[in-house]
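Hey, can you piece these two chains together into the complex? The hints should help.
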Amino acid sequence: NAGVMQNPRHLVRRRGQEARLRCSPMKGHSHVYWYRQLPEEGLKFMVYLQKENIIDESGMPKERFSAEFPKEGPSILRIQQVVRGDSAAYFCASSPRKTADTEAFFGQGTRLTVV
Amino acid sequence: AQSVTQLDSQVPVFEEAPVELRCNYSSSVSVYLFWYVQYPNQGLQLLLKYLSGSTLVESINGFEAEFNKSQTSFHLRKPSVHISDTAEYFCAVNLGSSNTGKLIFGQGTTLQVKP
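Taken in sequence, the protein lines are chains F and S. Using the numbering used here, the letters of the first sequence map in sequence onto residues 1 to 115. Using the numbering used here, the letters of the second sequence map in sequence onto residues 116 to 230.
Only chain S is shown next, with the shape it has when bound in the complex (with noise of 0.2 Å):
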């Protein structure tokens, strides 16, 4: 069965710096790989995807994330992170096979950002 494992429930960290949030995936069949943000008491936005061509995707506010197919990893990176940055974070795959829009997701990791 296709799973989704966001490997750290909580991650705290400082503010201006870097952070690293893990995701990681199970599935024979290729995936669409999506990284969703969701702050207290809001619904989930769109963060980045990845479906086709380079394997680093970027946002406009300075997250990235990386496609490693041998890995079957997509991490979440932001080199210097804000106090606007706390929220909850949440991994997702879609099966392409399945040609909805149906999606996976992880458990999530709350990003904790401190002065």
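One chain only, chain F, in its complex shape (with noise of 0.2 Å):
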């Protein structure tokens, strides 16, 4: 059983560009958390997903950002006209349940770095 997988695990974009972040949860596992780790800090959580909804986007930038986890496939951060403050490392967790006792597994992260 493969881990949760992210791609790419490095991703440069110039200012204005949109950066595609893709997540793979573990084999049956429908509940994906993105969190944002921005250098010299812990990791903010911005979104949670369930397979074709989101469930709470409460630490999601209310522009350029955005996310999805289709019914199949991995799931998607996308982040349009990116800026130097977008550039960070970006972590995707899984879990098989939505409840606070179940243990999240996290994917190495991709790091964008917005030139």
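Rather than coming from a laboratory, the hints here were simulated on the basis of the structure. One or more hints might be untrue.
List time: in silico DSSO-like cross-link candidates among lysine-lysine, alpha-carbon distance up to 30 Å [said to hold, decoys possible]:
| id | chain 1 | residue 1 | chain 2 | residue 2 |
| --- | --- | --- | --- | --- |
| 1 | F | 44 | S | 184 |
| 2 | S | 164 | F | 27 |
| 3 | S | 164 | F | 98 |
These figures come from a predicted structure and were not determined experimentally.
The following block contains the structure:
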């Protein structure tokens, strides 16, 4: 059973371009969480999705950021018109259940650099 | 607002010495508590967790943490560290009332084990 797979591992974008980050959860996991880790900071929650539904997007910036988790395929975090401040590590985590006591399994992250 | 504070950003220690990484949280509701470890350029791995029951929890590699409700703390300890323990350690809480896997992370503590 492969772990949570994120790709690409490293992504370089110029200001104004779009960034697409992919996350394939562990087999059997239908709950996906995205976190952002800015330099020298801890991880900050962005969004929680179940298959085809956004459950909690309270941590998502209001503009330029969107996320989806289609019925088939990986979850996608999309950042439009990237700016230097978007440079960070983006981590995806998946879990088999929704409940608060369920362990979340993390991917290795995508490190986005905006130049 | 709920928050997690890791009091030390960096902890240098010599090999085979004991170490304590401190974590305090603020919440008026019951919480679940986690420690995650992040090795360089990797994702987060769960080290140990407190859900209920015994307030002392242990990991398979010699770490332990004690939940202290009155002090709202969940400090991580190891009696004798190894070079391979060098990593970043994150304390995280899950608000049980949220009924989701959403985590609130501390800022992280870098443990540097010196020979």
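Right, here's what the structure says about each hint:
Proximity of residue 44 (chain F) to residue 184 (chain S) is assessed by CA-CA distance (about 24 Å); at most 30 Å being required, the pair is judged to hold. Simply put, residue 164 (chain S) and residue 27 (chain F) have alpha-carbon atoms about 23 Å apart, close enough for the 30 Å limit, and the pair holds. For a cut-off of 30 Å, the pair hint linking residue 164 (chain S) to residue 98 (chain F) stands: about 17 Å separates their Cα positions.
When the structure is compared with the earlier hints, no violation turns up for any of them.
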